[in-house]
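Participant: Protein chains in written order, with our numbering: chain A, 340 to 634; chain B, 340 to 634.
Incorrect hints may have been included.
Which copy is meant is left open, so a pair is good if it fits within one copy or across any two.
As the list claims (entries may be wrong) - No farther apart than 20 Å at their CA atoms in a straight line, the calculated lysine to aspartate or glutamate pairs in the EDC-like style are these:
id, residue 1, residue 2
1, Lys632, Glu515
2, Lys366, Glu505
3, Lys504, Glu610
4, Lys619, Asp518
5, Lys552, Glu586
6, Lys552, Glu630
7, Lys619, Glu553
8, Lys552, Glu590
9, Lys623, Glu470
10, Lys557, Glu483
11, Lys365, Glu480
12, Lys366, Asp565
13, Lys372, Glu505
14, Lys619, Glu549
15, Lys365, Glu505
16, Lys632, Glu610
Bear in mind the hints are in silico, worked out from the structure with no lab data behind them.
Number of protein chains: 2
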Amino acid sequence: MAEPLFNRLCLVGIGLIGSSIARVAKKRGDIAKTIVVTTRRAETLQRVRELGIADVVEADAARAVEGCDGVIFCIPVGAYADAMRHIAPHLAPGAVLTDVGSTKGSVVRDLAPLMPEGVHLIPAHPMAGTEHSGPDAGFPELFEGRYCIVTPLPVSDPAAVEKVKELWRRCGSMIETMDPITHDKVVAIVSHLPHLIAFTICGTADDLAEETKEAVLKFAASGFRDFTRIAASDVDMWRDVFLNNREAVLEMLSRFSEDAHAFGRAIRRGEAGFIEDRIKRGRKIRRSLIERKQA
Amino acid sequence: MAEPLFNRLCLVGIGLIGSSIARVAKKRGDIAKTIVVTTRRAETLQRVRELGIADVVEADAARAVEGCDGVIFCIPVGAYADAMRHIAPHLAPGAVLTDVGSTKGSVVRDLAPLMPEGVHLIPAHPMAGTEHSGPDAGFPELFEGRYCIVTPLPVSDPAAVEKVKELWRRCGSMIETMDPITHDKVVAIVSHLPHLIAFTICGTADDLAEETKEAVLKFAASGFRDFTRIAASDVDMWRDVFLNNREAVLEMLSRFSEDAHAFGRAIRRGEAGFIEDRIKRGRKIRRSLIERKQA
Chain A
340 MAEPLFNRLC
350 LVGIGLIGSS
360 IARVAKKRGD
370 IAKTIVVTTR
380 RAETLQRVRE
390 LGIADVVEAD
400 AARAVEGCDG
410 VIFCIPVGAY
420 ADAMRHIAPH
430 LAPGAVLTDV
440 GSTKGSVVRD
450 LAPLMPEGVH
460 LIPAHPMAGT
470 EHSGPDAGFP
480 ELFEGRYCIV
490 TPLPVSDPAA
500 VEKVKELWRR
510 CGSMIETMDP
520 ITHDKVVAIV
530 SHLPHLIAFT
540 ICGTADDLAE
550 ETKEAVLKFA
560 ASGFRDFTRI
570 AASDVDMWRD
580 VFLNNREAVL
590 EMLSRFSEDA
600 HAFGRAIRRG
610 EAGFIEDRIK
620 RGRKIRRSLI
630 ERKQA
Chain B
340 MAEPLFNRLC
350 LVGIGLIGSS
360 IARVAKKRGD
370 IAKTIVVTTR
380 RAETLQRVRE
390 LGIADVVEAD
400 AARAVEGCDG
410 VIFCIPVGAY
420 ADAMRHIAPH
430 LAPGAVLTDV
440 GSTKGSVVRD
450 LAPLMPEGVH
460 LIPAHPMAGT
470 EHSGPDAGFP
480 ELFEGRYCIV
490 TPLPVSDPAA
500 VEKVKELWRR
510 CGSMIETMDP
520 ITHDKVVAIV
530 SHLPHLIAFT
540 ICGTADDLAE
550 ETKEAVLKFA
560 ASGFRDFTRI
570 AASDVDMWRD
580 VFLNNREAVL
590 EMLSRFSEDA
600 HAFGRAIRRG
610 EAGFIEDRIK
620 RGRKIRRSLI
630 ERKQA
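Construct the entire structure; sequences and hints are all you get.
Facilitator: Here you go:
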């Protein structure tokens with residue numbers, strides 16, 4: 340077995356992602372010698388104890404990070420700044436601080452100004468998840484074969500960057516490096532806009548007259564169902580994603596809306612050629628995904 | 340084995356749906372004594388002969404329907420009126436004419452005025468499909484456990500209606516009865532709007548700069564992928580669906596657009612409460628589907 344990457348690794352927050360990291364670390368043994376878990380809710384702390392996925396369970400985040408050479412934020416991105424203000428004076432010199440949030444520009448914006456001298460901020464985003472949340476939802480295989488996007492800063496220490504990459508390699512992920520702005524644009528279209536649409540179409544259906552709504556639930560298999568799968572996602576996490584990737588999400592929503600309006604206009608005017616072209620482009624993208632084995 | 344429902348049943352068009360009906364009829368033996376297939380393309384006719392899924396293969400639809408007590412239109416809904424004009428003088432008195440189209444108001448609009456005296460028009464819509472098309476794509480289990488919506492007219496002969504329902508029962512489907520207008524509204528939200536969105540978001544992604552598009556295909560697993568599955572659908576069929584369910588699709592698109600804009604506005608203004616409410620409604624609809632085992 341390789342030398343553990345971290346001596347003492349603290350997970351701040353222990354939902355689906357945090358508890359999956361804890362499980363893979365426990366299982367492999369080469370990620371951290373000691374796994375510390377901190378979270379605010381007493382029931383969650385108790386549940387983590389019962390699950391046996393941490394070596395140390397600590398209610399106070401400031402005490403939890405003391406003496407840790409690695410800290411991973413696994414909380415909603417909107418909670419980062421407050422958490423950082425609380426723990427900053429307690430971070431060990433030379434520690435690597437990383438995260439798992441779905442937005443990266445906001446992480447740099449919120450955390451970079453609060454970083455103590457000598458602590459390395461290396462933001463990351465494991466692109467993995469399920470519709471379940473909480474410490475019971477995690478499993479050690481969650482990250483296997485999935486991408487993890489690491490978004491180092493120009494000033495980031497190369498050794499610290501490599502440590503975060505190696506962490507995700509040991510979790511089974513494929514590593515991509517990107518700047519935070521590009522990351523936020525890409526996830527806006529591949530993930531945030533689809534989620535916004537999924538939440539919206541569910542609301543649109545929910546607003547229909549009771550009788551039609553009944554029928555929607557009954558006949559959901561005809562396409563609607565596919566759009567609801569991602570609508571089961573965690574409320575706090577997704578609220579924070581939308582609020583913290585505002586510009587990129589609004590930009591993609593605006594492009595999509597223009598395109599949807601153009602489609603609607605073509606239907607109204609009976610423009611068969613335009614409609615065929617749109618359908619063909621859909622099929623083309625679908626074929627590209629199949630060719631890349633991403634379908 | 341029960342007495343065959345039809346003596347001579349003609350399938351006009353032999354794509355995914357038509358060839359699945361042919362296969363289940365062949366397999367069961369109690370749907371029709373003789374299965375006649377007609378389609379315009381010579382290669383398709385030849386392929387149907389090779390597949391052995393018809394008793395009679397006939398290039399001319401007018402000759403194909405002669406002497407048939409059952410006729411099923413399995414062609415894109417935009418082709419119904421022309422096909423009907425061609426076959427109407429050749430339909431046998433007392434024959435039942437039904438269809439499998441995804442729009443029903445347009446079927447009544449296009450076919451009712453052309454129906455010869457004594458021929459029964461009973462529109463129907465089996466809610467089943469895959470992303471594949473053509474006579475090779477069909478399979479006898481396609482309709483099992485799926486809904487079939489029958490939309491009789493107020494003047495429809497009850498025996499003819501029952502015959503169409505029994506046809507779909509023997510195909511394994513669950514029968515629902517609805518008027519054509521309600522049908523068109525329901526499918527607009529459960530199926531046509533999701534397809535419109537799927538085609539659109541693929542186009543939006545396709546319009547992005549080459550580098551971002553690359554990344555979209557790479558990271559599609561994060562939500563985008565779910566939206567592309569239904570975007571692989573048949574071009575002619577879907578063009579005709581949008582053009583023939585115009586009012587209901589535009590109405591649902593307009594409701595959805597308003598809701599998406601409201602979501603965007605909440606993101607712009609940082610309205611956390613509104614966003615949380617939308618996410619919760621998505622989760623609620625998702626839970627309803629899970630409870631109904633439609634998820």
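Participant: Could you work out which earlier hints the structure fails to respect and list their numbers in ascending sequence?
Facilitator: Violated: hints 3, 4, 12 and 16.
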